[in-house]
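Asker: These are the residues of each chain, in order.
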Amino acid sequence: MEINIKNVSMTYPNGKQALKDLTLDLSAPSLIGLLGPNGAGKSTLMKLFVSALLPTSGTICVDGRPLDKSERALKSQLGYLPQDFGLFDELTVTQFLDYMAVLKGLRYPKTAVREVIKAVNLTEKRKSRIRALSGGQRQRVGIAQALLGDPQLLIFDEPTVGLDPEERIHFRNLFSQTAQKRLVLLSTHIIEDVQSVCDRLIVIDRGMILFTGTPAQLIRSASGHVGVFLEHNAAQEHGLHITARVNTGNGVRCRVVADKLPDYVTPEEPTLEDAYLYLLSKEVRQ
Amino acid sequence: MIKIFLYECKRLLLNKFFFGILFVLLFYGRQVLSGTTVLGVSHTAPFSAWSFGDYLSRMLPLLWIGTLFFLTFFTSAKARRASVLTDAVRTCPRRYAMARCAAAFSGTLLLSLVCLAEAAVFYGSYFGWYEWGQLIIPVLVTLLPALIFALGSGWLLGRIRPWLIYVWMIVPFLCMALPLPSVLGIWNGSFFTEYPLTVGSLDPAFSIPAPVIAAQCVLLICGVLLLMFTGKKIHN
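Those protein sequences? They're chains A and B, same order as listed. Position 70 of the first sequence, counted from 1, bears residue number 70 in the numbering used here, the numbering being contiguous throughout. For the numbering used here, count along the second sequence from 1 and bump the result up by 286.
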């Protein structure tokens, strides 16, 4: 599967421009992390992919065909978990997934439902009504419905919100396994979620792409721009972007990103989070 | 789609609301039958089509509300949040909408049948009267156009703004209060109480003037046309 986005812009009826002249090529197999702060345009981009919105200008092609002419074909291969979604509280987990399996036109819905329930660790809750589930369990039902039918394109918008740390690790691994043969797009603002599993990152802010490449490339771009220092007075922070502040026995240890590190800052190896924050802070300065 | 229809029926019918409205309908129906219908309307028998039509027009506002309440299961803010999942599947939106609409119609039909069954039991137990076939025309003329129109218009309004459905629920009460033209007399019951008096005979045979039938047909057609547009996708 291949998705090509060319010069796509999206302006909402209220005048807010969510995406500005985006051009991107995505192809399977890949697990792509879409990073960006809140309001960056990630969810809008996801909605364009699933035809929930129409772009104001530009084209989106799926396997060479314009999306508006291949919407049904795309949806037959799509698993989508939006950031904000509702479930039918009156149904049980199994019934809801069976409902979605029927809508997806699956040939063997019972088997498919059983498999995804197992994949998201909801076997014990399969007969529980959805209204009786916790937030994290509801999120898992959302992930399960996206996985139904083994779709070729999976789009997850903030999938790990509400999950406990153990579950988050479980799902990261699940997404990684799933992406071995498919195109998986993972939108998040949690760096940890993409750090270990994504082979490609797209950083987006204010509707524009700031970076596209591998996590290693992003980390390299911040090399020499990350450091630490022990804070003695507030003036030391001037011109620096503080990314972490830790109280130690010797004082407050600050981790910073900056274009040029002052002499009192000891350079450190950047992490993906440092690199991401450096990229965003650079964008703000520009 | 049969499975979706059955799941939607389960959602609509196996809940507190349905049993609540069922109870209210039965209670109100009993009050109308034993308080008003038992006396007969416009010098006709209690089991005449005129008296029965009057009973139905009194039950219509509750059935209208019940129908619109069923639609809130598909158009409420909560339902819209679920629709982001169901919109991302390959099923034809129109077929899906029709399956849901059929479930809402089934709920409406069930409520209507309960009203009719209550009347049948009342006529049987009070008067030993069982010729229900004579009452089919008042049922079709009074309930079918109104409730199909409620489904079609309610669905459209709910898709525009969920709260409009609740505003739409007061329409039959307004019809009861407002002086409607005689062609819409079925909506406030005046047709069944006033028209027999104009026929010029005691206990006249049931008949409906052409303009009244035409008005009901227009409503029915409008309702069907609106239902046909239920699956149309609204972008951005």
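Please note that the accuracy of each hint is not assured.
As the list claims (entries may be wrong) - Below, in silico cross-link-like pairs of lysine to aspartate or glutamate (EDC-like), each with a Cα-Cα straight-line distance of 16 angstroms or less:
#	chain 1	residue 1	chain 2	residue 2
1	A	K110	A	D150
2	B	K302	A	D98
3	B	K364	A	D98
4	A	K118	A	D150
5	B	K289	A	D98
6	B	K364	A	D205
Hints are computed from structural coordinates only; laboratory data are not their basis.
Asker: Are the hints correct? Go through all of them and say.
Answerer: Status of the hints after comparison with the structure:
Between the alpha carbons of K110 of chain A and D150 of chain A the distance comes to roughly 14 angstroms, so the proposed pair stays at or under 16 angstroms and holds. A hinted pair counts as satisfied when its Cα atoms are at most 16 angstroms apart, and K302 of chain B with D98 of chain A does not qualify at roughly 24 angstroms. Between the alpha carbons of K364 of chain B and D98 of chain A the distance comes to roughly 20 angstroms, so the proposed pair goes past 16 angstroms and is violated. Distance restraint check for K118 of chain A and D150 of chain A: the Cα-Cα separation of roughly 14 angstroms lies within the 16 angstroms cut-off, and the hinted pair is therefore satisfied.
Of the pairs offered as hints, the one joining K289 of chain B and D98 of chain A holds, with about 9 angstroms between alpha carbons and a cut-off of 16 angstroms not exceeded. Note on K364 of chain B and D205 of chain A: the hinted pairing is violated, with a Cα-Cα distance of about 30 angstroms set against a maximum of 16 angstroms.
In terms of the numbered hints stated before, the structure departs from hints 2, 3, 6, listed from lowest to highest.
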